[in-house]
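The primary structure of each chain is shown beneath.
There are 4 protein chains.
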Amino acid sequence: MHQFKTRRRVEFVDTDLSGLVHFSKYFVFMETAEHEMLRSLGVSIHTRHEGFEIGWPRRAVSCEYVSPLRFGDELEITIQVERKGRTTMTYGFCLEVEGREVARGRITAICCVLDDPTGLRAIPVPPFIADQLQAVPVEVSDE
Amino acid sequence: MHQFKTRRRVEFVDTDLSGLVHFSKYFVFMETAEHEMLRSLGVSIHTRHEGFEIGWPRRAVSCEYVSPLRFGDELEITIQVERKGRTTMTYGFCLEVEGREVARGRITAICCVLDDPTGLRAIPVPPFIADQLQAVPVEVSDE
Amino acid sequence: MHQFKTRRRVEFVDTDLSGLVHFSKYFVFMETAEHEMLRSLGVSIHTRHEGFEIGWPRRAVSCEYVSPLRFGDELEITIQVERKGRTTMTYGFCLEVEGREVARGRITAICCVLDDPTGLRAIPVPPFIADQLQAVPVEVSDE
Amino acid sequence: MHQFKTRRRVEFVDTDLSGLVHFSKYFVFMETAEHEMLRSLGVSIHTRHEGFEIGWPRRAVSCEYVSPLRFGDELEITIQVERKGRTTMTYGFCLEVEGREVARGRITAICCVLDDPTGLRAIPVPPFIADQLQAVPVEVSDE
Numbered sequence: 001m002h003q004f005k006t007r008r009r010v011e012f013v014d015t016d017l018s019g020l021v022h023f024s025k026y027f028v029f030m031e032t033a034e035h036e037m038l039r040s041l042g043v044s045i046h047t048r049h050e051g052f053e054i055g056w057p058r059r060a061v062s063c064e065y066v067s068p069l070r071f072g073d074e075l076e077i078t079i080q081v082e083r084k085g086r087t088t089m090t091y092g093f094c095l096e097v098e099g100r101e102v103a104r105g106r107i108t109a110i111c112c113v114l115d116d117p118t119g120l121r122a123i124p125v126p127p128f129i130a131d132q133l134q135a136v137p138v139e140v141s142d143e
Numbered sequence: 001m002h003q004f005k006t007r008r009r010v011e012f013v014d015t016d017l018s019g020l021v022h023f024s025k026y027f028v029f030m031e032t033a034e035h036e037m038l039r040s041l042g043v044s045i046h047t048r049h050e051g052f053e054i055g056w057p058r059r060a061v062s063c064e065y066v067s068p069l070r071f072g073d074e075l076e077i078t079i080q081v082e083r084k085g086r087t088t089m090t091y092g093f094c095l096e097v098e099g100r101e102v103a104r105g106r107i108t109a110i111c112c113v114l115d116d117p118t119g120l121r122a123i124p125v126p127p128f129i130a131d132q133l134q135a136v137p138v139e140v141s142d143e
Numbered sequence: 001m002h003q004f005k006t007r008r009r010v011e012f013v014d015t016d017l018s019g020l021v022h023f024s025k026y027f028v029f030m031e032t033a034e035h036e037m038l039r040s041l042g043v044s045i046h047t048r049h050e051g052f053e054i055g056w057p058r059r060a061v062s063c064e065y066v067s068p069l070r071f072g073d074e075l076e077i078t079i080q081v082e083r084k085g086r087t088t089m090t091y092g093f094c095l096e097v098e099g100r101e102v103a104r105g106r107i108t109a110i111c112c113v114l115d116d117p118t119g120l121r122a123i124p125v126p127p128f129i130a131d132q133l134q135a136v137p138v139e140v141s142d143e
Numbered sequence: 001m002h003q004f005k006t007r008r009r010v011e012f013v014d015t016d017l018s019g020l021v022h023f024s025k026y027f028v029f030m031e032t033a034e035h036e037m038l039r040s041l042g043v044s045i046h047t048r049h050e051g052f053e054i055g056w057p058r059r060a061v062s063c064e065y066v067s068p069l070r071f072g073d074e075l076e077i078t079i080q081v082e083r084k085g086r087t088t089m090t091y092g093f094c095l096e097v098e099g100r101e102v103a104r105g106r107i108t109a110i111c112c113v114l115d116d117p118t119g120l121r122a123i124p125v126p127p128f129i130a131d132q133l134q135a136v137p138v139e140v141s142d143e
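Going line by line, the protein sequences match chains X, C, R and Z.
The first sequence begins at 1 in the numbering used here and counts up one residue at a time.
The second sequence begins at 1 in the numbering used here and counts up one residue at a time.
The third sequence begins at 1 in the numbering used here and counts up one residue at a time.
The fourth sequence begins at 1 in the numbering used here and counts up one residue at a time.
Just so you know, these hints were derived from the structure itself, not from any lab.
Treat the hints with care, as some may be off.
[To be verified] Simulated pairs of lysine-lysine, DSSO-like, Cα-Cα distance not exceeding 27 Å:
(1) C:K5 with R:K25
(2) R:K84 with C:K84
(3) C:K5 with Z:K5
(4) Z:K25 with R:K25
(5) Z:K25 with Z:K5
(6) C:K25 with C:K5
(7) X:K5 with X:K25
(8) R:K25 with C:K25
(9) C:K25 with Z:K84
(10) R:K5 with C:K84
(11) R:K25 with R:K5
(12) Z:K84 with Z:K5
(13) X:K5 with Z:K84
(14) X:K84 with X:K25
(15) X:K84 with X:K5
(16) Z:K84 with Z:K25
(17) Z:K5 with X:K5
(18) R:K84 with X:K25
(19) R:K84 with R:K5
(20) X:K25 with Z:K25
(21) C:K25 with R:K84
(22) R:K25 with X:K5
(23) X:K25 with R:K25
(24) R:K25 with R:K84
(25) Z:K25 with X:K84
(26) R:K84 with X:K5
(27) C:K84 with C:K5
(28) Z:K84 with C:K5
(29) Z:K25 with C:K25
(30) C:K25 with C:K84
(31) C:K84 with X:K25
(32) X:K25 with Z:K84
Model, not experiment: these values are computed from the prediction.
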């Protein structure tokens, strides 16, 4: 899978007194799209693998805000696999409302053992996940 | 200890588009006061005890909203031990801003083993916690 | 309308380190069900009416927690109109996962003008809302 | 002012089932530091100016996560003015726990009129704010 789309309605609790959606909530919207994509592949964001508790702490995230998002808007979220590393996955997100771009974002997550006695430990992305996610092929012009 | 007081500033993210604090956030304010009280007694809300992971899931909570609470208000929270049960603690909360009552609430929490293979399991409140918390003495008129 | 049902998936951000859903989030789930019910009737929770900004601050809320709710659970929420007052609406909520009761709650909201210069001002529930919501008829035994 | 420091305790509600702080909450921590800095200068994040409602919607934000942050940690947040634009401010953040770097982030905010009938409208940063915030002087080597 290269790309996945989902929808959600902006809720009252997502807003702040400016009348707009609080900027931190966009990351929740992105994360939920990531989890829905994984669920659609039969994978949980938080699972046991070879006796360990596996999760995806974030290494880096970013978001650019393009146009206002308000209570009641129906958000369409597109997630793309931008890069598949040995221990990381990088996802790109596009958030739209009725075809209008609202924001674009990126999340790089590290596959980690969470319950190692020495703390978080990065591990290679297990094949049952990695094999199902493919980075979007780069479009190369052939001039 | 019967009673504990703490303060916090209402944050921007606590508000919603009505310009007021979202009603669900009052429970976060109460919970944080509960945790600060326990921390002041050297107790964590989430700890290991006799080999088990112990926590305090909630059995019942309530809140009455008395007057508006807004961004930037400095909230004073008073917590009282209302009832000490065998496996439960009931706390009463009073939220004020500059002497004006904003809300009052109640939380009943159950002391539970969280990692029992059979699921959540209520246990007697460990003495190192119970001994430090005393229900507010009932005022009895002597007629 | 007496009753309305909706569904939502529990999200990762709804959980806390106990592995359960944070107790304050149940109120967000209830509120969103309330808003979906109103939306299904063509009414917004936050609207202009006769030149004023109308909203529904909460007067009192409560929740009893019956069984654990976890990440990924698909929650079914039933909302009932329990009482229709002159300026208030009281809703009862039942939260279930696959037929298992998870929690029950109640929200009493006051219809208010939010932008009155003197502060919040309760007003009679406008007929275009009140006429569409009917309290659940009490079952009376006829002995 | 070039730089401002503040502290806060990580709360239970900030965590998720991985046992770590949810990545979206770091932006709340940064924002609250920004607001405290402005409050220390006598400026509110949300104010009226020349008859308009003025706020600071975000244009772009980012965060890199360096080491784990957990419930109960006492976070030290340093905010620096990185760039002062005509209509924007860019802040850099460093988050530490007992001298250990936890995360670093950046927020670019646009000074906007929020209640213009035509929608959000960027305006020059009012002098009573701009004059109090100075970008950190760039260290220039003198070769």
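Hints versus structure:
no.	hint	verdict
1	C:K5 with R:K25	25 Å, holds
2	R:K84 with C:K84	36 Å, violated
3	C:K5 with Z:K5	25 Å, holds
4	Z:K25 with R:K25	15 Å, holds
5	Z:K25 with Z:K5	18 Å, holds
6	C:K25 with C:K5	18 Å, holds
7	X:K5 with X:K25	18 Å, holds
8	R:K25 with C:K25	9 Å, holds
9	C:K25 with Z:K84	34 Å, violated
10	R:K5 with C:K84	37 Å, violated
11	R:K25 with R:K5	18 Å, holds
12	Z:K84 with Z:K5	19 Å, holds
13	X:K5 with Z:K84	37 Å, violated
14	X:K84 with X:K25	25 Å, holds
15	X:K84 with X:K5	19 Å, holds
16	Z:K84 with Z:K25	25 Å, holds
17	Z:K5 with X:K5	41 Å, violated
18	R:K84 with X:K25	34 Å, violated
19	R:K84 with R:K5	19 Å, holds
20	X:K25 with Z:K25	9 Å, holds
21	C:K25 with R:K84	26 Å, holds
22	R:K25 with X:K5	26 Å, holds
23	X:K25 with R:K25	15 Å, holds
24	R:K25 with R:K84	25 Å, holds
25	Z:K25 with X:K84	26 Å, holds
26	R:K84 with X:K5	41 Å, violated
27	C:K84 with C:K5	19 Å, holds
28	Z:K84 with C:K5	41 Å, violated
29	Z:K25 with C:K25	15 Å, holds
30	C:K25 with C:K84	25 Å, holds
31	C:K84 with X:K25	38 Å, violated
32	X:K25 with Z:K84	26 Å, holds
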